Each structure stands twice: as structure tokens, then as C-alpha cells.
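Trainee: Fit chain B to the given chain A structure using the hints.
Protein chains: 2
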Amino acid sequence: MYRKLQLVEEKRIQNARGGHGTTAMKHIFTEEEFGSSMTHLIFVTIPPGSSVGVHEHSGDEEVYFILEGQGRVWDDEKEYPVGPNDTVLTNSGHRHGIENTGKQDLRMLAIIGKVV
Amino acid sequence: MYRKLQLVEEKRIQNARGGHGTTAMKHIFTEEEFGSSMTHLIFVTIPPGSSVGVHEHSGDEEVYFILEGQGRVWDDEKEYPVGPNDTVLTNSGHRHGIENTGKQDLRMLAIIGKVV
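As they're listed, the protein sequences go chains A and B. If you're matching positions, the first sequence starts at 3 in our numbering and goes up one per residue. If you're matching positions, the second sequence starts at 3 in our numbering and goes up one per residue.
Accuracy of the hints is not assured; some may be wrong.
To give an idea of the interface, some chain A residues facing chain B are shown, with a C-beta separation under 8 Å as derived from the structure [unchecked claim]: (1) L7; (2) F36; (3) G37; (4) S38; (5) W76; (6) V90; (7) N93.
Quick caveat, the hints were computed from the structure, so don't treat them as lab data. Bear in mind the structure is a predicted one, so any value in this text is a computation, not a measurement. Positions of the beta carbon are idealized from the N, C-alpha and C atoms, including for glycine.
Only chain A is shown next, with the shape it has when bound in the complex (with noise of 0.2 Å):
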């Protein structure tokens, strides 16, 4: 099953999870196509100042890989900086967030699967 990301649809959020300015997203799978207990594979653009408020996971946890940019992770209670390649796993019962700290946008890859 192919996907190619430009014909995926992008939509905004604005304050995502409580955060700070307009985030974007494009889903690239639904949860119905996964076989796994993975629900959501995600391209998200987070442009310079705006971030994903810090959330709890509860029942799944998440993957950000980060692509380009520079951004800030909370990870329950640390706090670092994060560029490309450099990988963030939150697991059920922890909290995290992402905020881009650099001039250009950030920009990941988010997986998210449910804890069986």
C-alpha cells in the first residue's frame, strides 16, 4: 500500500494538546489500515514558536522521529534539545511534548500504537 506524502491531506490545528500556535498534519495511514495495533503514522509540520503541549499517553504510546529543524522535548519531567534523526519514544503513562526552537519549521514523523 503506497502513499505518497504530497497527495496526503494536511490539516491544521491550532494549540494542539494546549500548545502554542498552528500545528499541521497529514496522516498518512488510518487506523483501519494498520493490521498491527499501530493507529496513526503522521507527518507533522510544526513552524518556528509553535508547539504540541505537553500530554499524558494512557493505553498507547508514541514515536517522534524528528526529520528537520530544531525543537524542544518535555519527556515527563526533562527537558532537551532535539534535531534530525534523534528519536523520542514516550510509553503509556508518561507525558511529552514538542515545541520548534529553531527558524525553519520542525518537522517528524509521529507513530502511535495501542497497548494490547
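Mentor: Coordinates of chain B only, in the frame set by chain A:
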């Protein structure tokens, strides 16, 4: 849980799944670190002329997200070119493979989840 790619050990595999040449793989997280049915998140580098041979997924599914380079994917009976930001989802019961058709390394993220 934060992982910096440069610090992840790279493993080199000859003739991956019966393919050509040498493929390099960085397993960013181990199966034990995931709480969902995700089992693998792998940063894959396929040099020019190398490939991952065609193989069937049975009991799990795999996503290829192309990061850099140009390739050709076998997707069941179909074959097509892929490039950056293209995604291929291979559900359980289906077959896939990929070769590097360009002059630079082909890099992709491979995500595997068990069917539950």
C-alpha cells in the same frame, strides 16, 4: 526515552532477505522498550545497487518511510519507484522488498508491528 541516532550501533547485513550487497541497520529501540505491539524501529541505509530482497510478512506488518535517495519497491505483484517522504505499508500476508536505484545511499525508517 531519548535516542540519538549516532549512538545507536549499526549492524551490517549481507544479502538482506536474499537481496544484493550490504544493508546497514540501526535498531533505534528494542522490542522490550515498546509497550505496544511495535517491535522494531530501524534506520536502514541501503548503498547504491544493494537491496532488501522480497519477503512475506506473516503475523506482523511493516512500514517503509523513505528519508533520502531513490529506490524501487516490490509490493506484492506491483513494482514502482520511491523517493523521499514516500511511504509503503505492507500488511501481514503481503510481500515487499526494496532496492537502491540511485547513486547515493537510500535511507529509510522501517517500523514493524505485530498483528494482535
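Trainee: Each hint needs a verdict: does it hold in this structure or not?
Mentor: Each hint, compared with the structure:
1. L7: holds (4 Å)
2. F36: Holds: closest Cβ of chain B sits about 7 Å from A:F36, inside 8 Å.
3. G37: With a closest approach of 5 Å, the A:G37 hint holds.
4. S38: holds (3 Å)
5. W76: Cβ of A:W76 sits 11 Å from chain B, so the hint is violated.
6. V90: holds (5 Å)
7. N93: holds (5 Å)
Hint 5 from the earlier list is the only one contradicted by this structure; the remaining hints agree with it.
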